[in-house]
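Chemist: These are the residues of each chain, in order.
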Amino acid sequence: AQSVTQLGSHVSVSEGALVLLRCNYSSSVPPYLFWYVQYPNQGLQLLLKYTSAATLVKGINGFEAEFKKSETSFHLTKPSAHMSDAAEYFCAVTTNSGNTPLVFGKGTRLSVIA
Amino acid sequence: KAGVTQTPRYLIKTRGQQVTLSCSPISGHRSVSWYQQTPGQGLQFLFEYFSETQRNKGNFPGRFSGRQFSNSRSEMNVSTLELGDSALYLCASSSEQGASYNEQFFGPGTRLTVL
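From first to last, the protein sequence lines stand for chains A and B.
The first sequence begins at 1 in our numbering and counts up by one.
The second sequence begins at 1 in our numbering and counts up by one.
It is possible that part of the hints are untrue.
Claimed, not checked - On the chain A side, residues computed to face chain B include the following (Cβ under 10 Å):
no.	residue
1	A17
2	V19
3	Y25
4	Y32
5	Q45
6	T94
7	S97
8	N99
9	P101
10	L102
Unchecked claim - Below, computed lysine-lysine pairings styled on BS3-like, alpha-carbon distance capped at 30 Å:
no.	chain 1	residue 1	chain 2	residue 2
11	A	K106	A	K68
12	A	K106	B	K13
13	A	K69	B	K57
14	B	K57	A	K49
Stated by the list, open to error - Rough simulated footprint, nothing fancy, chain B against chain A, three-plus residues with beta-carbon under 8 Å:
no.	segment
15	46 to 59
16	105 to 111
The hints are simulated quantities; they were obtained by calculation from the structure and are not laboratory data.
Cβ atoms here follow ideal geometry from the backbone N, Cα and C, with glycine treated the same way.
Full structure from sequences and hints, please.
Modeler: Now the structure itself:
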């Protein structure tokens, strides 16, 4: 079985500061990992995904994440936070079989302070 | 291209009633997945359909069911509603089989409140 743990249900940063959202996964087989973002009253939107190619994955809106197998982590970063980044962020894991449903973390709400 | 649409957007029901939620995927997408989102449990997978066949089912009671039509539109039904069924129900579509590892495009959700 797979699982995802997102450390910190709420993270607050100043505008222009580094954004770091933590995600640790558990998987008995090589994982595929995702970060999704959810803005208020909207569905989820894919930010980026790791599918066993490059370990540093670049996504939309300046976000990137690094897959670290030894640490079973897939933390999301952005060098400089913008007010528009305020949203809820979800890390998710599945396998490459396509038959295993996505397992989501509980989410991290990001607040950006002016 | 139009995104994933879900109807209705908001719904209020009472305990014991049943409800049907509808999802229209992006044109050309054949895979539809459903998720339940609650503050306590987060996002939980309900089921996935591909070409009218249920390919995967999450750990939910039999009161939760779904189906997919030949035009890929999908419905989910919840019978004998309980207070704990209050949640945001999200539908997501994907262009390929094996939706879990391909990008899923989410609708805005249906907010169900059970009184």
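Chemist: Of all the hints given earlier, name the ones this structure violates by number, lowest first.
Modeler: 1, 2 and 3
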